[in-house]
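Keeping their order, the protein sequence lines are chains A and B. Last residue of the first sequence? That's 245 in this note's numbering, and every number before it is there in order. Last residue of the second sequence? That's 135 in this note's numbering, and every number before it is there in order.
Note that these hints are calculated values from the structure, not bench results. Watch out, some of these pointers could steer you wrong.
Stated by the list, open to error - Partner residues are not named here, just some residues of chain A that face chain B (Cβ under 10 Å, in silico):
hint : residue
1    : Ala11
2    : Ile54
3    : Arg57
4    : Ile60
5    : Asp61
6    : Leu62
7    : Asp89
8    : His110
9    : Pro182
Said to hold, decoys possible - Calculated lysine-lysine pairs in the BS3-like style (CA-CA distance at most 30 Å, straight line):
hint : chain 1 : residue 1 : chain 2 : residue 2
10   : B       : Lys40     : A       : Lys97
11   : A       : Lys126    : A       : Lys170
12   : A       : Lys170    : A       : Lys234
13   : A       : Lys207    : A       : Lys114
14   : A       : Lys207    : A       : Lys126
15   : A       : Lys114    : B       : Lys59
16   : B       : Lys129    : A       : Lys64
17   : A       : Lys114    : A       : Lys177
Remember, it's a predicted structure, so these values are computed and weren't measured experimentally. Idealized CB from N, CA, C, for every residue including glycine.
Chain residues, written in single-letter form:
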Amino acid sequence: MRNIDYSNNVAITREIFWVGFYDEEANLHCNPYLLIDEKDVILFDPGSIPHFPIVMRKVIDLVKPSDISLIVACHQDPDVCGNLAVMEDVIGRSDLKIAAHSNCIRLIRHYGIKSEFYAVDEHDYKITLGSGRILDFLYTPYLHSPGAIVTYDRQSKTLFSGDIFGAVSKEWSLFAKDDYLPAIDTFHQLYMPSNELLKHGMENIEKFDLERILPQHGSVLEGDKISATIQHLKTLPCGIDLAVR
Amino acid sequence: MSENILRTSARNVNEVRDINRDLVEQSLRMRCLAYLSQVKATLLTETIFEVDNSKKNLKDLNSRLVSQNDLISEQKEEIQTQLEELTITRLELEKANAALEEKNRELGRFNRLFIDREFRIKELKDRLKELEGNP
């Protein structure tokens with residue numbers, strides 16, 4: 001098991017870094033990630049206002065804030081992108097873009113964002129970076145937001161999954177340990193609307209060639225855990241399934 | 001000796017790194033607070049502006065209401081005056097009407113008297129004819 005210093009950013013690959021805040025008191029951890037490409041730096045789900053100083057400090061340890069050219073918000077919730085307005089103020093780039101689904105952009109605007117939005121549904125659900133690297137966006141409606149998306153990096157075979165594959169528990173580690181499923185179950189049963197929608201999402205996600213899944217909450221999934229979790233979530237009753245019972 | 005120096009140096013470097021990290025976070029926290037304060041100040045300014053505008057609008061509305069109220073008072077006074085004049089006219093008309101009614105009644109009395117007299121004359125004429133016809 002890796003011994004990780006969570007007070008600093010954590011390299012997941014040579015280009016992808018966890019830049020989150022490890023709050024020992026919290027049951028729900030937020031995981032912003034930084035993808036450093038040749039010509040662009042992409043920040044995924046920058047997090048909340050209280051997490052901003054730590055997230056930004058970890059970003060600054062890697063790149064200049066002004067190097068960030070794109071922020072991806074998987075949906076509009078305050079734990080995902082509540083600090084967007086401060087973030088764009090510190091980044092200070094007039095050409096900064098914020099990528100999200102139109103259904104979320106409609107809501108994200110209310111954070112007082114000045115930057116240009118990149119509506120993924122109006123750009124064939126993908127973006128080509130300066131280096132030619134392509135990020136694909138997959139629409140995952142109602143998991144758990146009407147405009148939720150996940151992002152797939154073809155080059156590193158990494159899925160930035162937003163709230164899908166999230167987990168909630170007192171014991172947290174950045175990389176999933178063997179007993180990771182109960183925490184995933186709890187999160188999905190609390191926040192995902194139904195198994196029907198979750199199964200539909202899983203069937204679309206499993207089409208990707210995946211080496212790792214980086215959720216916005218919970219732990220990074222790698223190797224066999226990916227397929228096992230997808231198969232497990234396909235049958236997990238959640239949301240309305242449990243409420244009706 | 002040299003080990004001690006190395007250990008001390010390493011400790012110092014770590015301490016400096018930690019202090020530096022804390023300072024960076026603190027400065028980012030302050031930047032965040034400054035931004036939020038700026039946002040709050042902007043919102044507050046806009047709110048004050050809105051309140052001021054609203055106050056001005058209310059003041060305008062109030063002065064319009066006052067002038068309309070004055071107009072209504074003037075119209076009310078005018079109506080009152082007209083009402084008083086109408087009352088006087090009505091009283092005069094009532095008096096005139098009463099006088100006419102009195103005259104009418106008097107004429108009625110005269111009329112009845114004349115009719116009675118005509119009937120009496122006719123009676124007398126008839127009696128005279130009767131007496132002339134029967135000597």
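Quick rundown of the hints versus the structure:
no., hint, verdict
1, Ala11, "violated (17 Å)"
2, Ile54, "holds (6 Å)"
3, Arg57, "holds (5 Å)"
4, Ile60, "holds (7 Å)"
5, Asp61, "holds (8 Å)"
6, Leu62, "violated (13 Å)"
7, Asp89, "holds (5 Å)"
8, His110, "violated (13 Å)"
9, Pro182, "violated (33 Å)"
10, Lys40(B) x Lys97(A), "holds (24 Å)"
11, Lys126(A) x Lys170(A), "violated (36 Å)"
12, Lys170(A) x Lys234(A), "holds (25 Å)"
13, Lys207(A) x Lys114(A), "violated (36 Å)"
14, Lys207(A) x Lys126(A), "holds (16 Å)"
15, Lys114(A) x Lys59(B), "violated (36 Å)"
16, Lys129(B) x Lys64(A), "violated (148 Å)"
17, Lys114(A) x Lys177(A), "violated (40 Å)"
The structure fails hints 1, 6, 8, 9, 11, 13, 15, 16, 17 (numbered hints given earlier, in ascending order).
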